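Protein chains: 4
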Amino acid sequence: MIIVMNPNAPQAAIDRVVAEIERMGSQAHLSRGTFRTVIGAVGEEGQVDPVHLQSLNGVEKVVPIMKPYKLASREFHEEDSVIEVGGGSVPKVLIGGTHACCIAGPCAVENEQMLRKIAGHVQEGGATILRGGAFKPRTSPYSFQGHGEQALKWMRDCGDELGMPICTEVMDTRQVELIERYTDMFQIGARNMQNFDLLREVGKTRKAVLLKRGLAATVKDWLLSAEYVLSQGNKNVVLCERGIKTFEDSIRYTMDISSIPVARQWSHLPIIVDPSHAAGKRDWVGALALAGMAAGAHGIIVEVHYNPAEAQCDGPQALLPEMFKELMQQCRQIAAIHKREFLEIEEPVGT
Amino acid sequence: MIIVMNPNAPQAAIDRVVAEIERMGSQAHLSRGTFRTVIGAVGEEGQVDPVHLQSLNGVEKVVPIMKPYKLASREFHEEDSVIEVGGGSVPKVLIGGTHACCIAGPCAVENEQMLRKIAGHVQEGGATILRGGAFKPRTSPYSFQGHGEQALKWMRDCGDELGMPICTEVMDTRQVELIERYTDMFQIGARNMQNFDLLREVGKTRKAVLLKRGLAATVKDWLLSAEYVLSQGNKNVVLCERGIKTFEDSIRYTMDISSIPVARQWSHLPIIVDPSHAAGKRDWVGALALAGMAAGAHGIIVEVHYNPAEAQCDGPQALLPEMFKELMQQCRQIAAIHKREFLEIEEPVGT
Amino acid sequence: MIIVMNPNAPQAAIDRVVAEIERMGSQAHLSRGTFRTVIGAVGEEGQVDPVHLQSLNGVEKVVPIMKPYKLASREFHEEDSVIEVGGGSVPKVLIGGTHACCIAGPCAVENEQMLRKIAGHVQEGGATILRGGAFKPRTSPYSFQGHGEQALKWMRDCGDELGMPICTEVMDTRQVELIERYTDMFQIGARNMQNFDLLREVGKTRKAVLLKRGLAATVKDWLLSAEYVLSQGNKNVVLCERGIKTFEDSIRYTMDISSIPVARQWSHLPIIVDPSHAAGKRDWVGALALAGMAAGAHGIIVEVHYNPAEAQCDGPQALLPEMFKELMQQCRQIAAIHKREFLEIEEPVGT
Amino acid sequence: MIIVMNPNAPQAAIDRVVAEIERMGSQAHLSRGTFRTVIGAVGEEGQVDPVHLQSLNGVEKVVPIMKPYKLASREFHEEDSVIEVGGGSVPKVLIGGTHACCIAGPCAVENEQMLRKIAGHVQEGGATILRGGAFKPRTSPYSFQGHGEQALKWMRDCGDELGMPICTEVMDTRQVELIERYTDMFQIGARNMQNFDLLREVGKTRKAVLLKRGLAATVKDWLLSAEYVLSQGNKNVVLCERGIKTFEDSIRYTMDISSIPVARQWSHLPIIVDPSHAAGKRDWVGALALAGMAAGAHGIIVEVHYNPAEAQCDGPQALLPEMFKELMQQCRQIAAIHKREFLEIEEPVGT
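Residue numbers (this note's numbering), protein chains in the order written: chain L, 1 to 351; chain V, 1 to 351; chain G, 1 to 351; chain W, 1 to 351.
Mixed in with the good hints there might be a few duds.
Now the in silico label distances, taken between C-beta atoms and shown as ranges [what the hints assert, rightly or not]: (1) W/R138 to V/F76: 34 to 44 Å; (2) G/L30 to W/Y142: 50 to 60 Å; (3) G/K325 to W/E78: 46 to 56 Å; (4) W/L178 to G/E124: 32 to 42 Å; (5) G/K339 to L/E341: 22 to 32 Å; (6) G/S143 to W/A336: 52 to 62 Å; (7) W/A12 to V/F144: 39 to 49 Å; (8) G/R174 to W/E78: 49 to 59 Å.
Treat the hints as calculated values from the structure; they're not laboratory data. Quantities reported herein were computed from a predicted structural model and do not represent experimental measurements. Even glycine gets a Cβ: it sits at the ideal position worked out from N, Cα and C.
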């Protein structure tokens with residue numbers, strides 16, 4: 001950690017900073033320049049509190065050197081992590097390293113029949129995990145909020161029948177136990193990326209967690225949220241880039257493609273992209289999905305509907321089954337450039 | 001609602017849109033221009049689902065005319081709302097209309113003694129509601145997370161003694177019941193502004209709610225979050241601008257001063273500003289607080305500490321007691337320009 | 001154009017808006033809803049001035065229906081434009097439609113020898129246009145500002161020898177004439193995207209123009225800037241996405257990958273990406289370049305240096321020649337998915 | 001300057017960085033931590049090139065300690081600068097320190113009569129500098145572009161008659177000489193804040209320069225642009241905050257109120273705010289102007305029109321004369337809190 005003093009910081013202020021660094025168990029190294037004094041705090045990471053030092057008189061700024069997350073960092077775990085989703089009643093699907101993966105399905109589970117129909121389509125196109133919303137986060141209190149536990153049951157049955165692990169969103173700590181009974185993978189939505197209690201609760205389970213990036217979260221914030229889950233002992237975190245808020249108003253969110261190489265350099269966790277929510281419009285979903293794969297993502301999560309005009313939620317962004325199939329073919333070609341493969345699902349356990 | 005068709009939308013697509021509008025109980029008005037057809041849907045607000053129309057073939061865009069929130073809107077309630085905080089063991093404090101209010105205290109409640117000391121300072125300076133964190137949302141899982149219920153007890157006791165209502169943050173639906181027993185006002189933090197389950201839970205209580213704006217939330221999103229609380233029957237919502245994420249990196253968050261006149265034009269709810277979290281640095285807190293008052297805010301919420309270098313949380317942004325006192329004098333002068341007054345607290349009930 | 005009136009707009013205000021629309025030569029269509037009156041202005045595009053209407057009493061908002069640019073729009077020119085760069089002393093290179101193109105070279109032209117060396121490398125790797133800065137826009141007045149006309153001469157000689165058209169930045173209207181004598185393609189930098197006099201001046205030439213997107217420009221703003229060039233009679237505009245300013249601070253700029261499908265849907269102009277300036281760091285250039293190609297770009301512009309540590313400008317983002325070569329192989333594979341081809345340069349004219 | 005090495009940077013890489021620092025004339029101080037080596041470069045400011053160091057192998061990041069601007073910095077000039085505008089045919093007006101100032105007038109000069117009428121209104125309200133556009137930067141090539149030199153003549157005559165210095169925008173280096181003959185103060189628009197040639201040209205004159213902040217410029221970028229003007233010998237720079245681009249879409253631009261205390265801490269230059277262009281809508285101009293003054297600005301620049309519905313440009317944001325007058329009264333009250341005064345203009349020279 002480096003502490004830059006104000007140009008006119010008195011000697012007493014410098015001495016105080018040095019004393020505090022030493023009190024916290026690190027060593028202080030002074031560099032006196034013509035205009036400023038700069039103090040380096042050298043020692044065990046995490047010993048020194050940057051906010052405390054920032055509060056001291058005469059301190060202009062504090063520059064951390066170490067990353068603030070540990071378990072999520074590439075330094076802690078040099079190899080790419082490969083996360084397993086499923087097992088038990090459904091086969092295991094791998095995400096990370098050379099394993100690319102497609103998670104697909106409807107935005108919301110509207111009824112059992114539509115779920116089965118869409119699940120069939122996405123499996124045929126190459127998806128190996130089935131997504132679907134049972135509890136929906138909606139900006140307006142007057143919008144459709146999901147079918148809850150009933151939808152979870154439909155998801156579980158459908159996944160088991162097709163041999164696909166399922167992924168569904170959890171929004172509230174009180175739902176964790178219920179959803180855990182049904183799902184193979186929790187989805188944490190963008191608006192809950194810093195719902196720290198929720199992160200801790202899913203961290204206490206051993207189910208995989210798909211952690212969407214918050215709309216105003218830096219890559220660093222995002223990895224700190226992953227750290228919340230990891231620090232509870234759950235290592236099965238998959239990052240998901242889904243767009244950030246910017247001034248550009250032609251599209252719903254700006255998919256930050258650079259987060260992929262950055263997150264992959266800083267962290268060992270797998271990362272996928274959600275082009276559907278970023279685009280908000282069917283026409284643009286394909287371009288964003290391919291861009292994500294080309295930038296090095298380990299897969300995609302997309303929304304598919306055979307009749308988007310009837311969808312209860314986010315119809316405009318749902319791909320038609322034939323569009324999805326074609327997109328998957330292109331994704332496979334791009335994955336191959338990075339030596340990744342979208343695997344067919346293995347045989348269901350016990351068959 | 002206005003539906004703009006693609007330049008080459010076939011007649012069948014236009015007919016379908018018209019049919020859907022009529023099916024939903026509204027009337028469709030067509031305007032055929034040289035290049036495009038535009039369809040107006042006229043009828044009861046809320047009858048027509050924009051997302052559904054957006055999904056139909058040939059639709060270029062859907063432009064809503066009505067605001068998506070109702071109870072929060074100025075059209076629903078023309079006069080400024082005046083919110084009451086407290087009552088019972090402490091006097092009532094008013095926020096809104098001509099009533100300005102200052103909420104102040106430490107970031108986190110560290111122990112009983114420091115709380116009392118700071119509470120005395122802020123009351124002397126002119127604050128009428130005491131703030132203090134018992135459960136702290138922290139970006140890193142390794143940072144201090146608050147003293148929980150113990151801190152709530154200290155807050156309650158201190159507020160009762162000084163005759164100040166108290167305000168504290170709630171982060172999780174499971175804490176609502178506990179915190180409701182102690183607090184006079186719930187604070188919903190920026191990162192939870194779209195934690196919809198939490199909004200609903202505090203909406204079921206009748207305690208006042210201080211709703212901070214999310215870091216990536218538009219004013220419209222924010223009022224929709226207020227609508228979640230209001231729609232449960234709790235009318236006591238106070239908005240709080242605390243800065244948004246932008247590219248500017250000289251300061252922690254960019255306080256969006258324009259949200260004040262915009263929110264006041266669109267909504268009847270009172271709005272205050274939080275200059276401490278926006279600035280992140282003591283030096284700049286005063287300027288932001290004054291700017292907020294000048295832009296028309298109904299008050300401020302600020303962090304104060306007599307020894308910021310010892311604070312367990314956000315010390316760099318805490319005002320010293322004497323700075324706070326001086327700031328309040330300036331705030332009063334600006335409030336007077338807008339014919340608002342920071343009232344002294346009334347006599348405690350029963351004295 | 002659609003004019004939404006305030007809820008309480010009096011009849012006189014509505015009449016005034018109707019009268020103004022008719023005065024401007026369009027027809028007004030009224031839709032009276034329960035809460036608001038909405039007025040459609042139907043007629044020739046461009047007849048009605050939205051800003052004037054917005055100024056009238058009782059008007060809540062004005063929603064334009066037509067795009068504000070014409071010559072740049074897909075509606076004006078349905079097919080993809082294919083732009084020619086070069087001709088005369090060097091072969092012509094095509095960009096747009098099925099023609100992908102790579103523009104590469106050093107950031108700044110430092111001396112003749114380094115230019116030749118790098119030009120040889122990039123041509124070998126597959127670039128067909130040579131880039132290099134003679135006049136450099138630098139944030140600080142104390143940074144190296146380029147070698148000016150001398151650098152233009154080196155560029156011209158080098159391009160002619162290798163049979164590569166050249167591309168160099170113009171920053172000032174007074175330089176247009178000089179640079180036009182040497183270059184095959186003008187580059188307009190991000191900071192000059194709304195230097196309207198400069199746009200008009202390059203619009204008066206018939207040399208190709210590479211128009212970088214401004215750091216705070218929406219796709220609409222960008223196409224309006226292209227319109228400035230096109231409206232002067234110069235049809236040879238190539239758009240270049242190079243990243244926008246966002247809150248994310250891990251990378252220099254956020255490359256907005258979605259601008260590619262959006263600009264391609266709205267406009268017929270070719271679009272390429274500049275991953276070097278977006279990334280600011282060599283490690284991340286490849287991922288961004290591939291993402292751009294996958295999203296549908298017609299090519300890339302990249303900086304290459306054989307010894308980045310000696311570069312006078314932007315060394316950290318320059319690719320090494322071998323990295324560039326490998327990247328081009330991957331770009332070719334992705335271009336093929338979209339049925340585009342990076343052509344070898346044709347034989348020089350006259351050979 | 002501080003150089004942070006990668007965790008695994010080999011000794012050779014460290015040695016190379018040290019050697020380069022020493023070659024550039026500074027001293028290198030090493031701090032070896034458990035995980036990383038950090039190198040401080042100590043010496044004369046400006047000797048060491050951060051970008052060069054960033055290019056070297058094994059370097060993770062380079063953290064500059066000194067501000068990159070000099071003449072604009074508070075360290076170079078501790079006292080607030082007070083800028084003089086006018087003199088000669090009109091009285092001098094002061095901006096900076098305890099001197100607040102209001103610049104007002106129409107957006108564009110439409111004809112002589114309207115200019116005189118508005119000038120009379122704004123002088124009566126308390127403005128001491130007259131603004132008006134002769135050359136207008138317009139996003140669309142099809143919008144009204146201003147009356148050019150004719151408008152400059154009207155401005156000069158009107159200013160001389162009323163004894164008000166005038167301020168008008170310059171957009172192109174080729175216009176500097178012409179505009180210099182007429183104006184007392186150059187305005188550099190937001191879109192030209194990094195038009196470096198233009199900054200240099202106005203820097204060669206001795207007329208005051210009103211430097212608007214770019215829509216995507218940090219405070220640091222802005223002060224570097226001021227440095228371009230100052231480095232040519234022109235010390236008369238006034239900063240002008242006019243809003244930045246953010247995701248918020250309720251208002252045209254987000255006025256970044258925090259730039260005022262930040263710029264005032266980092267620089268001695270005066271700073272004013274432009275609430276008209278930030279708001280884009282008359283209703284919100286007052287709140288932003290007052291917020292700017294409360295945050296510590298040295299004045300405002302606002303657009304006024306007696307008949308905004310007839311304005312050729314930006315009518316919706318123009319204040320009516322009576323609104324302007326009332327706003328100025330409130331601004332005076334807020335200025336007084338900061339011990340600033342809007343002075344009446346002194347007697348014209350020679351009267």
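Results for each hint:
no.	hint	verdict
1	W/R138 to V/F76: 34 to 44 Å	holds (39 Å)
2	G/L30 to W/Y142: 50 to 60 Å	violated (28 Å)
3	G/K325 to W/E78: 46 to 56 Å	holds (55 Å)
4	W/L178 to G/E124: 32 to 42 Å	violated (50 Å)
5	G/K339 to L/E341: 22 to 32 Å	holds (24 Å)
6	G/S143 to W/A336: 52 to 62 Å	violated (43 Å)
7	W/A12 to V/F144: 39 to 49 Å	holds (42 Å)
8	G/R174 to W/E78: 49 to 59 Å	violated (38 Å)
Hint compliance for this structure: hints 2, 4, 6 and 8 are broken, all remaining hints hold.
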